[in-house]
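Chains A and R supply the protein sequences, listed in that same order. If you're matching positions, the first sequence starts at 1 in my numbering and goes up one per residue. If you're matching positions, the second sequence starts at 267 in my numbering and goes up one per residue.
Simulated from the structure, these hints should not be mistaken for laboratory data. Where hints are given, some of them may not hold.
Label-pair restraints from in silico Cβ distances [what the hints assert, rightly or not]:
(1) A:ASP255 / R:SER271: 57 to 65 Å
(2) A:GLY85 / R:PRO410: 18 to 26 Å
(3) A:GLY238 / R:ARG407: 45 to 53 Å
(4) A:GLY85 / R:ARG407: 18 to 26 Å
(5) R:ASP424 / A:GLU191: 31 to 39 Å
(6) A:PRO88 / R:ILE504: 53 to 61 Å
Every residue gets a Cβ at the ideal spot worked out from N, C-alpha and C, and that includes glycine.
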Amino acid sequence: MSQTNNAFDKAEPIEHESAVSVRNVSKNYGEVEALKDLSLEFPRGQLTSLLGPSGCGKTTLLKIIAGLLEPTSGEIIIEGKKVTGPGPDRSFVFQDFALLPWASVLRNVSFGLELRGVAKSEREAVAERYIKSVGLGGFEHAYPHELSGGMRQRVGLARALSVDAQVLLLDEPFSAVDEQNRRKFQEDMLELVRTENKTFIFVTHSIEEAVYVSDQIAILLPRPSRVSEIIRPTSFRGTGVDNIRRSPEYLDIVDQIWASLRNYVE
Amino acid sequence: MQNRSFYLKILSAVIVFGAWEIAGRIPVSYAFPTFIESMSALFAMIFDGSIFVAYAETLKPLAIGIAISATSGIVIGLWVGLSQRFEWLFSPIFIVMQAAPLAALIPILVMAYGIGLTSKVFVVCIMAMPVIVLNTAGAVRNTPSNIKDMGRSFLASDRDIILKIIIPAASPVIFSGLRLGISAGFIGAILSELKITPTGVGDIITYSRSIADYPSMYAAIFSIILLAVLFLNLLERIENTLFEGNNRGYVSD
Numbered sequence: 001m002s003q004t005n006n007a008f009d010k011a012e013p014i015e016h017e018s019a020v021s022v023r024n025v026s027k028n029y030g031e032v033e034a035l036k037d038l039s040l041e042f043p044r045g046q047l048t049s050l051l052g053p054s055g056c057g058k059t060t061l062l063k064i065i066a067g068l069l070e071p072t073s074g075e076i077i078i079e080g081k082k083v084t085g086p087g088p089d090r091s092f093v094f095q096d097f098a099l100l101p102w103a104s105v106l107r108n109v110s111f112g113l114e115l116r117g118v119a120k121s122e123r124e125a126v127a128e129r130y131i132k133s134v135g136l137g138g139f140e141h142a143y144p145h146e147l148s149g150g151m152r153q154r155v156g157l158a159r160a161l162s163v164d165a166q167v168l169l170l171d172e173p174f175s176a177v178d179e180q181n182r183r184k185f186q187e188d189m190l191e192l193v194r195t196e197n198k199t200f201i202f203v204t205h206s207i208e209e210a211v212y213v214s215d216q217i218a219i220l221l222p223r224p225s226r227v228s229e230i231i232r233p234t235s236f237r238g239t240g241v242d243n244i245r246r247s248p249e250y251l252d253i254v255d256q257i258w259a260s261l262r263n264y265v266e
Numbered sequence: 267m268q269n270r271s272f273y274l275k276i277l278s279a280v281i282v283f284g285a286w287e288i289a290g291r292i293p294v295s296y297a298f299p300t301f302i303e304s305m306s307a308l309f310a311m312i313f314d315g316s317i318f319v320a321y322a323e324t325l326k327p328l329a330i331g332i333a334i335s336a337t338s339g340i341v342i343g344l345w346v347g348l349s350q351r352f353e354w355l356f357s358p359i360f361i362v363m364q365a366a367p368l369a370a371l372i373p374i375l376v377m378a379y380g381i382g383l384t385s386k387v388f389v390v391c392i393m394a395m396p397v398i399v400l401n402t403a404g405a406v407r408n409t410p411s412n413i414k415d416m417g418r419s420f421l422a423s424d425r426d427i428i429l430k431i432i433i434p435a436a437s438p439v440i441f442s443g444l445r446l447g448i449s450a451g452f453i454g455a456i457l458s459e460l461k462i463t464p465t466g467v468g469d470i471i472t473y474s475r476s477i478a479d480y481p482s483m484y485a486a487i488f489s490i491i492l493l494a495v496l497f498l499n500l501l502e503r504i505e506n507t508l509f510e511g512n513n514r515g516y517v518s519d
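Just chain A, same shape as in the assembly (with noise of 0.2 Å):
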């Protein structure tokens, strides 16, 4: 299995197919523009980042993929149908971790499944099974303010994984965690792009994150807000979580994105 894994890695995909795709999309608010003409493809089964300085929109564009915001011009399209407004084929993990304060972790984790229907004994064994893939087992009865931000971050990934849907949309869902648990959350990442052939989307400001799970990184330049540039790392993919950061071309795309945000930092 392993063997054939890292077949697929080292061979280099021409073309792949998209999952999600953006079209000239504009937004405006009142005179700002925050996106212009922005278009984009988001390949199956793969993790994007959209990486770039504060106020670049990236989290604009990811709440327009959501169907959360309206955009003012242009189309996403995910598995040839357009985007209108939210849907079951999306969800969505927060930074601020979006739980309910007074919900238990299992309530919080299937309510999604409860806003869709499903009935109560069946979500909550699909919630629990979640609860204990994402390393929480023990927790189901738990209140989010008796949980650390890593773990609440945990419940809000249980409940994005839960309803099965086909992208993963995640805004800058790390920033909130502490570094170590940060870091056990992109190995993490890692394993769930590999087992769960599912594509997501991934907002954050962290250069050495995008380029650690990424594999495309689509840098977004502001006012208006365009893509400058799309990356794709190559060789480091298959190599283990424990050597992606001694690798030559990670260290290299770190510097190379560097070197072009820095002047868009002020």
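Model the placement of chain R on the given structure of chain A, informed by the hints.
Structure of chain R alone, referenced to chain A:
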């Protein structure tokens, strides 16, 4: 922890009642009975049943008024909080109601609705409703937008968002509005019995004062305060059963 809070409550009651007893024995005023005198007057009224007759009368406007204020107050509050237009329409009314000097308005109410139950219910509602409406509206408007976004992204309908997100999120503030509103309603009920027609507990207070039976007067006042405290405790119990997660670590009653 539970035990200590119980002992502290007993201690605080002992301090208050002790101070009352001492103040009555000095006495601070001829018209101020001791705690023991007041309690024996209360028991006398309990044994001859007169206090129950009085409460049967007082509880009518109180229960009707509180039921109306709580239900329509929360509904109007939700409405005002959810819609800008209804905020413009309704919130001035309730701000005026809250600020109005009620005792001065009572003659107008009596002219309009007579001296019966309707006027008294109105007085309870005017006291209780504004704070319930304004608290509910404020809490609904301040629901964190991130959990509403979360609901929408997981396909919640508008109904789901109101029932499963906005109301539970607003519930601690709605309940604190209910607590304030209901205690104001108790004040309103007694006020209406003192200002409109002396019936029920208001009658005991007015009558015992007129014949200088101060222990009975204070016993009646004490009983209404006791009832209000018991009711507010019950309300807190209800809140904790309905919204278990609201009870986040603070010592509760």
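Subject >> Those earlier numbered hints the structure runs against, lowest number first >> reply: 6
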